[in-house]
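Please take these sequences and the hints and turn them into a complete structure.
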Amino acid sequence: MSFARVFNVVGLLVAFTGVAMGLAAVVAWSMDDPDLVRLALAAALTTLSGGLAFRVTRGASKDLSVREGYVIVTFGWVAMGLFGALPYLLTGTITDPAGAVFESVSGFTTTGATVLTGLDTLSPGILFWRSLTQWLGGMGIIVLAVAVLPFLGIGGMQLLQAEVPGLAPERLRPRVTQTAKLLWYVYLALTMVQALLYVAGGMDLFDAVNHAFTTMSTGGFSTRDASIGAFSSPYIQWVTVVFMYLAGINFVLHFRAVSPRQGLFWRAYGRDSEWRFYTRLLAAATILVVAVNGVGGEYGWSPEAVEALVRDAAFQVVSIMTSTGFANQDYSQWVPPAQMTLLLLMFVGGMAGSTAGGVKTVRVLLLLKHTAIQLKKHLHPRAVLAARLGNRPVKDDVLATVVGFVILYSILVMAGMLVMSLLGVDLMTSLGLSAATVGNIGPGLGPAGPAGNYAWISDPGLMVLSFLMIVGRLEMYTVLILFSREVWRRG
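In numbering that gives the first Met the number 0, the protein residues as written are 0 to 490.
Since the hints were derived computationally from the structure, they do not count as laboratory data. A hint or two may mislead.
Taking lysine to any residue pairs in the SDA-like style, the calculated list, with each CA pair at most 20 Å apart, reads [unchecked claim]: (1) Lys368 - Leu343; (2) Lys376 - Pro392; (3) Lys368 - Arg391; (4) Lys375 - Asp395; (5) Lys394 - Ser272; (6) Lys394 - His369; (7) Lys375 - Val363; (8) Lys368 - Leu378; (9) Lys368 - Val393; (10) Lys375 - Val402; (11) Lys368 - Ala385; (12) Lys394 - Ala382; (13) Lys368 - His379; (14) Lys368 - Ala399.
Encoded structure:
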């Protein structure tokens, strides 16, 4: 383990964070924001701190070991979360350090949980910084999926080889940097298209860019207290549903869909078994929520009421399952079966290789297939059966890893619930808080639901939830492996 190499890369990440703060300062300058000087100061302090760490360790070798990669990813996210709190503290937007760090970590992990109220009156520079942290966090997650997690065997991307024989699962191109650039181009293009569609629907450019940032990153931060519901536009809500759905899809599939070699673009999606499961599950959950809310009789049966019923159900189902966390309705007031459906979807998440959180649909799909195989073996003990992804069998060690991940994920959620309950939060709200932060969803249940926020939680509770957000975003093993002495030994 070379700490010089670790601090060299982490310093570069911090300096990059400072440059991003500079963009928020530019936005503040263009909109006559009184927070301009403080944002510029935060940008300068962050850039200088990161630049100093990078310069002091500039003689370190550029060759990184796998162990150093794990340390850099975790320390990098922590460092960005800490320095990302400076704009909130220096502008006085958040005066409590724990709250400022929580808000920053929530942004970079694309969770979308917030301690802020009065978003409609916040300065443009701060609003842009919140959205930018999520957009940059989403870009970082794409790199994590293609460059780091495959080494652990738990990233999910490596399972693509079951669908595409002969193609390395974590790469579209021989080099990770080339792969990341290609996926970033897709990410940027989708962000721009969404922003333009928002503008076409009457949203001003500032709100359009901010909400495009936080949709494609499946982050869910908004410039309004009422989230997307503040715009009272069915068109804007349907556009958001479509792009939340797209953000929850593996970005490799998006790239293949527009590849000239692909032919008809939808074939890239239709051939992928995870995409089929992801889409069918969203459709089934939407139909279920429509049915139970419709029977509840709160909407009525006029054409306008039916459209609102379907739109609200689709919006919240896609928002929760993709871990975006936008709200157009206070779903905590829905009938219990609808709320339970959304709670279960919190655990599922989007596809591997997307910016979404959660367990990931490929793992859920394989877990269901594995369970079905075990049931069949009880009926036919001599049968030779294997779970298949697409047309290829999945190896037993991959299935074991999936089962282990789901068990560890569940343990982490339960542990988070226990700790929050020990801090004085009721059990159901604690479960919602833990599931929402580990899954990087944002809104939870009760006072942390879509009509509330996290401002009422104590400082120790906010720190616990910040830790859960980072561990959940980095798919647990990346962080938990740091507790092994093997990682820290020299050589």
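Evaluated hints:
| no. | hint | in the structure |
| --- | --- | --- |
| 1 | Lys368 - Leu343 | 18 Å, holds |
| 2 | Lys376 - Pro392 | 16 Å, holds |
| 3 | Lys368 - Arg391 | 13 Å, holds |
| 4 | Lys375 - Asp395 | 16 Å, holds |
| 5 | Lys394 - Ser272 | 17 Å, holds |
| 6 | Lys394 - His369 | 11 Å, holds |
| 7 | Lys375 - Val363 | 18 Å, holds |
| 8 | Lys368 - Leu378 | 16 Å, holds |
| 9 | Lys368 - Val393 | 10 Å, holds |
| 10 | Lys375 - Val402 | 18 Å, holds |
| 11 | Lys368 - Ala385 | 9 Å, holds |
| 12 | Lys394 - Ala382 | 17 Å, holds |
| 13 | Lys368 - His379 | 16 Å, holds |
| 14 | Lys368 - Ala399 | 13 Å, holds |
Against the hints set out earlier in the document, no violation occurs for any number.
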